[in-house]
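Colleague: Listed here are the chains, written in short residue letters.
Number of protein chains: 2
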Amino acid sequence: MQIAVLLYDRFTALDAVGPYETLSRIPDAETVFVAERPGPVRTDNGVLGLVADKALDEVTRPDIVIVPGGPQPEVEMKNPAVLDWLRAVDATTTWTTSVCTGSLLLAAAGLLDGRRATSHWLYLDRLVPFGAEPTGERVVFDGKYVTAAGVSSGLDMGLGLLGRIAGDEYAQAVQLLCEYDPQPPYDAGSPEKAPAELVARMRAANPLS
Amino acid sequence: MQIAVLLYDRFTALDAVGPYETLSRIPDAETVFVAERPGPVRTDNGVLGLVADKALDEVTRPDIVIVPGGPQPEVEMKNPAVLDWLRAVDATTTWTTSVCTGSLLLAAAGLLDGRRATSHWLYLDRLVPFGAEPTGERVVFDGKYVTAAGVSSGLDMGLGLLGRIAGDEYAQAVQLLCEYDPQPPYDAGSPEKAPAELVARMRAANPLS
Numbered sequence: 001m002q003i004a005v006l007l008y009d010r011f012t013a014l015d016a017v018g019p020y021e022t023l024s025r026i027p028d029a030e031t032v033f034v035a036e037r038p039g040p041v042r043t044d045n046g047v048l049g050l051v052a053d054k055a056l057d058e059v060t061r062p063d064i065v066i067v068p069g070g071p072q073p074e075v076e077m078k079n080p081a082v083l084d085w086l087r088a089v090d091a092t093t094t095w096t097t098s099v100c101t102g103s104l105l106l107a108a109a110g111l112l113d114g115r116r117a118t119s120h121w122l123y124l125d126r127l128v129p130f131g132a133e134p135t136g137e138r139v140v141f142d143g144k145y146v147t148a149a150g151v152s153s154g155l156d157m158g159l160g161l162l163g164r165i166a167g168d169e170y171a172q173a174v175q176l177l178c179e180y181d182p183q184p185p186y187d188a189g190s191p192e193k194a195p196a197e198l199v200a201r202m203r204a205a206n207p208l209s
Numbered sequence: 001m002q003i004a005v006l007l008y009d010r011f012t013a014l015d016a017v018g019p020y021e022t023l024s025r026i027p028d029a030e031t032v033f034v035a036e037r038p039g040p041v042r043t044d045n046g047v048l049g050l051v052a053d054k055a056l057d058e059v060t061r062p063d064i065v066i067v068p069g070g071p072q073p074e075v076e077m078k079n080p081a082v083l084d085w086l087r088a089v090d091a092t093t094t095w096t097t098s099v100c101t102g103s104l105l106l107a108a109a110g111l112l113d114g115r116r117a118t119s120h121w122l123y124l125d126r127l128v129p130f131g132a133e134p135t136g137e138r139v140v141f142d143g144k145y146v147t148a149a150g151v152s153s154g155l156d157m158g159l160g161l162l163g164r165i166a167g168d169e170y171a172q173a174v175q176l177l178c179e180y181d182p183q184p185p186y187d188a189g190s191p192e193k194a195p196a197e198l199v200a201r202m203r204a205a206n207p208l209s
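Residue numbers (full-length UniProt numbering), protein chains in the order written: chain R, 1 to 209; chain X, 1 to 209.
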């Protein structure tokens with residue numbers, strides 16, 4: 001089984017690393033980081049580079065594709081190289097997945113038409129013009145399409161998908177290995193839970209862009 | 001304020017990326033990934049490279065140092081270049097932090113003697129010979145030393161430290177930005193919560209090594 005993690009300029013690191021940390025532990029899986037051009041790809045704030053070992057045209061039949069998000073999804077949503085690759089590999093994937101605004105890339109490639117999906121809470125509405133039905137859920141399974149909400153949600157998506165692929169017991173072992181027993185010091189991780197004033201301020205001046 | 005994230009061969013990606021994703025958002029912070037030699041550093045399973053932009057001797061006075069763990073801490077625990085650097089930068093840090101077995105590197109550098117600390121649950125006992133007092137807590141603050149438990153705990157540590165540095169409201173904004181509202185599909189993230197048989201099996205054959 002091959003797992004391809006797409007990288008592109010200004011992606012958000014945790015979007016990619018969360019699912020990688022769980023799914024790369026599928027027995028006998030080969031995980032490969034892929035980008036339009038091989039080499040280091042810098043994250044949203046520019047301070048970190050992750051290495052894409054393969055170019056898009058070197059990875060043609062992954063079983064799982066993982067598309068991270070970033071604060072400027074508009075750029076890749078207009079990049080034919082990325083959209084063509086997503087359409088091409090999706091034809092044979094077992095699972096096509098995204099985290100955060102990565103779902104907007106899937107949507108722009110025409111892959112979420114008529115499907116329930118999610119995205120970063122600030123970007124949910126942007127799924128609508130592509131025929132997707134946005135939900136407020138943290139992880140959405142619709143057929144082979146799995147979309148997760150903002151940034152950190154890829155951890156939950158990865159574990160959930162791992163359970164479907166390798167079984168509940170195996171997924172629990174990976175959860176224990178990663179000691180994923182979250183204890184955030186605040187309870188402000190969703191627009192429903194965060195202070196209303198903070199949510200309003202973020203909506204008014206999207207800090208991601 | 002400068003934040004230095006240490007990389008070394010076979011580190012665990014999420015250990016480094018979790019705290020990076022929150023702490024790099026400290027206003028006016030400069031985050032730098034540092035290793036014995038600059039360039040790509042491969043993760044524990046070898047499938048991902050993160051780029052260290054600076055060599056150890058180029059980063060001499062970081063305000064915060066973050067030490068990730070990995071499945072073979074013994075290697076760096078005997079690496080004088082890393083231990084000397086940790087001791088040298090610790091002399092002037094405001095916060096010296098670790099995730100997972102990264103605490104064993106701090107301990108081996110002599111920095112946790114007499115301090116309460118944590119580590120990956122499979123490695124807690126190894127803190128004792130270095131004079132540290134292991135705890136089962138997920139994030140431990142003892143003076144300027146902050147240690148976190150296994151892999152994913154760096155997210156909680158990062159948010160907690162962010163709150164102390166930039167204030168609760170700012171930390172909540174970053175939590176909301178990262179949509180950190182964890183909903184793991186299983187409740188097996190700690191040895192107290194996971195099935196006893198699974199915990200026993202992992203203790204018998206440490207899957208990290």
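Just so you know, the hints here were simulated from the structure itself, not pulled from any lab data.
Glycine is no exception: its CB is placed at the ideal position from the N, C-alpha and C atoms.
A couple of the hints might just be wrong.
From the derived model, a few chain R residues whose C-beta atoms are all more than 12 Å from chain X [as the list claims (entries may be wrong)]:
{"no.": "1", "residue": "D44"}
{"no.": "2", "residue": "V47"}
{"no.": "3", "residue": "E74"}
{"no.": "4", "residue": "L83"}
{"no.": "5", "residue": "D84"}
{"no.": "6", "residue": "A91"}
{"no.": "7", "residue": "T92"}
{"no.": "8", "residue": "S119"}
{"no.": "9", "residue": "D125"}
{"no.": "10", "residue": "E137"}
{"no.": "11", "residue": "D142"}
{"no.": "12", "residue": "G163"}
{"no.": "13", "residue": "R164"}
{"no.": "14", "residue": "E197"}
{"no.": "15", "residue": "R201"}
Below, a list of computed lysine to any residue pairs in the SDA-like style, where the Cα atoms sit at most 20 Å apart [to be verified]:
{"no.": "16", "chain 1": "R", "residue 1": "K193", "chain 2": "X", "residue 2": "K144"}
{"no.": "17", "chain 1": "R", "residue 1": "K54", "chain 2": "X", "residue 2": "V51"}
{"no.": "18", "chain 1": "R", "residue 1": "K78", "chain 2": "R", "residue 2": "G131"}
{"no.": "19", "chain 1": "R", "residue 1": "K144", "chain 2": "R", "residue 2": "Q2"}
{"no.": "20", "chain 1": "R", "residue 1": "K54", "chain 2": "X", "residue 2": "N45"}
{"no.": "21", "chain 1": "R", "residue 1": "K193", "chain 2": "R", "residue 2": "T135"}
{"no.": "22", "chain 1": "R", "residue 1": "K193", "chain 2": "R", "residue 2": "Q183"}
{"no.": "23", "chain 1": "X", "residue 1": "K144", "chain 2": "X", "residue 2": "F130"}
{"no.": "24", "chain 1": "X", "residue 1": "K54", "chain 2": "R", "residue 2": "K54"}
{"no.": "25", "chain 1": "X", "residue 1": "K193", "chain 2": "R", "residue 2": "G163"}
{"no.": "26", "chain 1": "X", "residue 1": "K193", "chain 2": "R", "residue 2": "K78"}
{"no.": "27", "chain 1": "R", "residue 1": "K54", "chain 2": "R", "residue 2": "M1"}
{"no.": "28", "chain 1": "X", "residue 1": "K54", "chain 2": "R", "residue 2": "F141"}
Colleague: Which hint numbers doesn't this structure obey?
Modeller: As far as the earlier hints go, 1, 2, 8, 10, 12, 13, 14, 15, 16, 24, 26, 28 are violated by this structure, in ascending order.
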